[in-house]
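Please put together the full structure from these sequences, using the hints given.
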Amino acid sequence: MESAPAELSGSNLSPLIHRDKEGVLLKRAPDVDAQIHDALVLAPAALLKWAEKEAQDPEFLKDEALVFLIRAFHKSGNKDITNQLSEILIRRWTPFIYSKFNGFVDADDAFCAVIKILFTHILFRDNGRGDFLQVKFGLHLKRIIMSVFRTHRDKNEKELSTFTFSDLSNEEDEDTDWDESIGSEELSPEDSVFIDEAIDVLTGDLQEVYILRRKYDFQIESIDPNEPTLSKYFGKTPRTIRNWLNQADEILKKWQGENHE
Amino acid sequence: MNKPSGPELLDEILDAYFAAAQIPNREVLREWIKKYPQYERELTDFTFAWIQMEEASSANHGKPDIDHLVLKAMSTVQNLYNDNESEKTSSPINNNSIEKLVAEADVQGFSQDQFAAQLKLSVNLLWKFDRHLIQYSSIPVELIEKVAGVLHRGLQIVAEYFQKQPTLALNASYKAKRQPQVSEPTNFFDEVRSDTDLSNEDRAYWLAFEPPN
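Residue numbers (the numbering used here), protein chains in the order written: chain A, 9 to 269; chain B, 288 to 500.
Incorrect hints may have been included.
Said to hold, decoys possible - Derived list of chain A stretches under chain B, where covered just means 3 residues or more per stretch with a C-beta under 8 Å from a C-beta of chain B:
no., segment
1, 45 to 55
2, 85 to 96
3, 149 to 157
4, 214 to 223
Read the hints as simulated data drawn from the structure, not as lab findings. Glycine included, each C-beta is placed from N, C-alpha and C at the ideal position.
Here is the structure:
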């Protein structure tokens, strides 16, 4: 039998090819596929009107379907509708993306870096990784934001933490009465509010260690080698971490006294 | 396929960890360190950066100028689209409508068997498509994409073709006194299940796209 001509397999558009960790082919949700079916046979004006519907509208055009359509119209060479659909997708997500770079000196650059990766994945699907955008858009977008955040974090160390590492006491011989049980029980709503307020009072590593302990319940030290501890992460002895937590406590007690009495 | 290793594997692990955790938390991190002790440092750094990001976004830094940001973003996207222009011109899209799939295959110099094989369909199914006997809403988007890719057509052109009204078979002779009736379109997946010309592999391929009831 003759083999198929090479150009037959050189398709511009191809089905999802990425597989999950279990080897199962990624699939769009049935409601996304149904929206794509409907969208493909609409006139451009009607499609744009649909895409502009708000998220709370029951007929909201899902991001996963929008990603598919942007790619499809781009590949068809339809610039107008590609641009308009792209802008709708960007406008939907701009506040969320930008909020993740809150206070960065290069927040605009970080935001644009996310957009660039996002649309590279939409257009080229990056060896299948962009397939996730048609299956779980929000999750994949957050993963892109995380990558960019980590790249830009170092440039913004100062904005994220004005309390530099060297400012912190490293003394090993100070007494500590840090209560180990704090953070191990579920936080009350009042505690949560207090910690959220405390974020602005504390800075730098002191803020980070306090939040990791109080809000996320990370241990100072552990005999379990798999336990992610503050001591390991900061590369400091448990006693130093306790001292930091004591310093944080003192600052917060003072702040609480001044603001809540 | 080679198994990923090094940075590629780490990236996959971080992807999977991110999807599994949903929000940064100590318990899930602990589980993943147990699974991948060689990446303890990377998993911990990743989680703490994640926490830092979540905490930073909850701080109030004023309202951004959304219109200005959208403009900047569109400029970035335009550059990407322009860079991609050269790729498209090497395989131009034909925007003529499709009359018959079988005829398209013929025009491009391919046998029906070759064409059907590319689409992972049987020739019998191609004929049914040409008579529009398959419900459009049941046709997987993947098939619309495949046809568009193989024929270098826009997806809308292919979708329009699949949406056409059913027709009678050409060259068929009808001896009954009553006017012949056009069959009602049927579900794509039912056709795939009952098509004896389809290989088991191709049948399984398409049935994997069947939506759950």
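Here is how each hint holds up against the structure:
For a cut-off of 8 Å, the count of residues in the segment 45 to 55 of chain A with a CB near a CB of chain B stands at 3, and the three-residue condition holds. Counting residues of the segment 85 to 96 of chain A whose CB lies closer than 8 Å to any CB of chain B gives 7, which reaches the minimum of 3, so the coverage claim holds. Given as covered by chain B, the segment 149 to 157 of chain A passes the check, having 5 residues with a CB less than 8 Å from a CB of that chain where 3 are the minimum. For the segment 214 to 223 of chain A, the assignment as covered by chain B holds, since 3 residues bring a beta-carbon within under 8 Å of that chain's beta-carbons and 3 suffice.
Violation of the numbered hints given earlier is absent; every hint is satisfied by the structure.
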